Amino acid sequence: GNSVTQMEGPVTLSEEAFLTINCTYTATGYPSLFWYVQYPGEGLQLLLKATKADDKGSNKGFEATYRKETTSFHLEKGSVQVSDSAVYFCALSSYSSASKIIFGSGTRLSIRP
Amino acid sequence: DSGVTQTPKHLITATGQRVTLRCSPRSGDLSVYWYQQSLDQGLQFLIQYYNGEERAKGNILERFSAQQFPDLHSELNLSSLELGDSALYFCASSVDGETGKNYGYTFGSGTRLTVV
Numbered sequence: 001g002n003s004v005t006q007m008e009g010p011v012t013l014s015e016e017a018f019l020t021i022n023c024t025y026t027a028t029g030y031p032s033l034f035w036y037v038q039y040p041g042e043g044l045q046l047l048l049k050a051t052k053a054d055d056k057g058s059n060k061g062f063e064a065t066y067r068k069e070t071t072s073f074h075l076e077k078g079s080v081q082v083s084d085s086a087v088y089f090c091a092l093s094s095y096s097s098a099s100k101i102i103f104g105s106g107t108r109l110s111i112r113p
Numbered sequence: 001d002s003g004v005t006q007t008p009k010h011l012i013t014a015t016g017q018r019v020t021l022r023c024s025p026r027s028g029d030l031s032v033y034w035y036q037q038s039l040d041q042g043l044q045f046l047i048q049y050y051n052g053e054e055r056a057k058g059n060i061l062e063r064f065s066a067q068q069f070p071d072l073h074s075e076l077n078l079s080s081l082e083l084g085d086s087a088l089y090f091c092a093s094s095v096d097g098e099t100g101k102n103y104g105y106t107f108g109s110g111t112r113l114t115v116v
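In the order they appear, the protein sequences are chains A and B.
Counting from 1, position 57 in the first sequence corresponds to residue 57 in this note's numbering; the numbering is continuous, with no gaps.
Counting from 1, position 3 in the second sequence corresponds to residue 3 in this note's numbering; the numbering is continuous, with no gaps.
No lab work stands behind these hints, which were simulated from the structure alone.
Remember, predicted model here, so these are calculated numbers, not experimental data.
Even for Gly, the Cβ is constructed at its ideal location relative to N, Cα and C.
All the given hints hold, so there is nothing to weed out.
Straight-line distance between alpha carbons at most 30 Å, and here's what the computed DSSO-like set of lysine-lysine pairs gives:
1) 52/A with 68/A
2) 57/B with 9/B
3) 56/A with 68/A
4) 77/A with 56/A
5) 57/B with 68/A
6) 52/A with 77/A
7) 52/A with 57/B
8) 9/B with 60/A
9) 77/A with 60/A
Quick list of simulated restraints, FRET-style, between CB atoms:
10) 39/B with 18/A: 27 to 33 Å
11) 55/A with 17/B: 43 to 49 Å
12) 70/B with 69/A: 45 to 51 Å
To spell it out: a stretch of chain A is covered by chain B in this simulated footprint if at least three of its residues, at any positions, have a beta carbon under 8 Å from a beta carbon of chain B; those stretches are:
13) 42 to 50
14) 103 to 113
Model the full assembly from the supplied sequences, consistent with the hints where possible.
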């Protein structure tokens, strides 16, 4: 079945450091891929998405490229800020998953000033 | 404000009791999804409704049920509550299933259920 695997946290970085959160997926066909962010005490917000191979999703300085050959969708940011501290979820949807989105287990990111 | 409204924000109840969680989707959205977020199991899909009809079912216990009303709001009913049902329950919405699948959902801020 379809699944998403993302790197376990917590991840702790200093402000202005480079961020990578790894995400790989298993799915039939051509899934859509997402990154969601959950700030403390809030619901999930869509951060970025990509719907086909080689697409790059980007938002708020974050980027992720849909790599079909490696079945990956790693999240990157060149210079993190304290305000980026949150939990990040990689997710996918595909025709075989009906209309539901399948989420990874989440990676908690903490940024030190 | 995402446009998806969930009430109540917090709920504390005893084992064996029954509770109802409510969700109003974003204006214009016909699909409603319920997810359970617990510390050890991440986000688990429970059930989806589209325009009043059940569309997809996930890992939803028999003690749990849901419905979507003609005004498109949805309720998740949890009965015979156990300590392990303590979790955050999220509602999300999309225009329809295909749109949500391609463009993602809009989530509410959740209901935190504590069973004591």
